[in-house]
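> For this note's numbering, add 1 to where a residue sits in the sequence shown, where the first one is 1.
It cannot be assumed that every hint is accurate.
Pairwise CB distance ranges, derived in the manner of DEER restraints [unchecked claim]:
| id | residue 1 | residue 2 | range |
| --- | --- | --- | --- |
| 1 | Glu46 | Thr21 | 30 to 36 Å |
| 2 | Gln47 | Asp20 | 19 to 25 Å |
| 3 | Asp51 | Ser9 | 27 to 33 Å |
| 4 | Leu4 | Asp35 | 14 to 20 Å |
| 5 | Gln52 | Thr18 | 15 to 21 Å |
| 6 | Asp20 | Asp50 | 17 to 23 Å |
| 7 | Thr21 | Gly53 | 14 to 20 Å |
These are calculated hints, taken from the structure and not from any lab test.
Virtual Cβ for every residue (Gly too), placed ideally from N, Cα, C.
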Amino acid sequence: MQLTCAISGDSLAYRFTGDTPEQWLASFRQHRWDLEEEAENLIQEQSEDDQGWVWLP
């Protein structure tokens, strides 16, 4: 099964601040490995939806 991990712009803005998609993308890049660890934990907990998506809160 293929999984897709995602995080919304609202979640990025809440976690790392920022007002624009460019700032959210910069924050994502800066914190990528932390987010990947979080996604890995959610995958291990089998938190994916019926479409195979894992959404970071």
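> Evaluate each hint against the coordinates.
The hints, checked one at a time:
{"no.": "1", "hint": "Glu46 / Thr21: 30 to 36 Å", "in the structure": "holds (32 Å)"}
{"no.": "2", "hint": "Gln47 / Asp20: 19 to 25 Å", "in the structure": "violated (35 Å)"}
{"no.": "3", "hint": "Asp51 / Ser9: 27 to 33 Å", "in the structure": "violated (19 Å)"}
{"no.": "4", "hint": "Leu4 / Asp35: 14 to 20 Å", "in the structure": "holds (18 Å)"}
{"no.": "5", "hint": "Gln52 / Thr18: 15 to 21 Å", "in the structure": "violated (30 Å)"}
{"no.": "6", "hint": "Asp20 / Asp50: 17 to 23 Å", "in the structure": "violated (29 Å)"}
{"no.": "7", "hint": "Thr21 / Gly53: 14 to 20 Å", "in the structure": "violated (30 Å)"}
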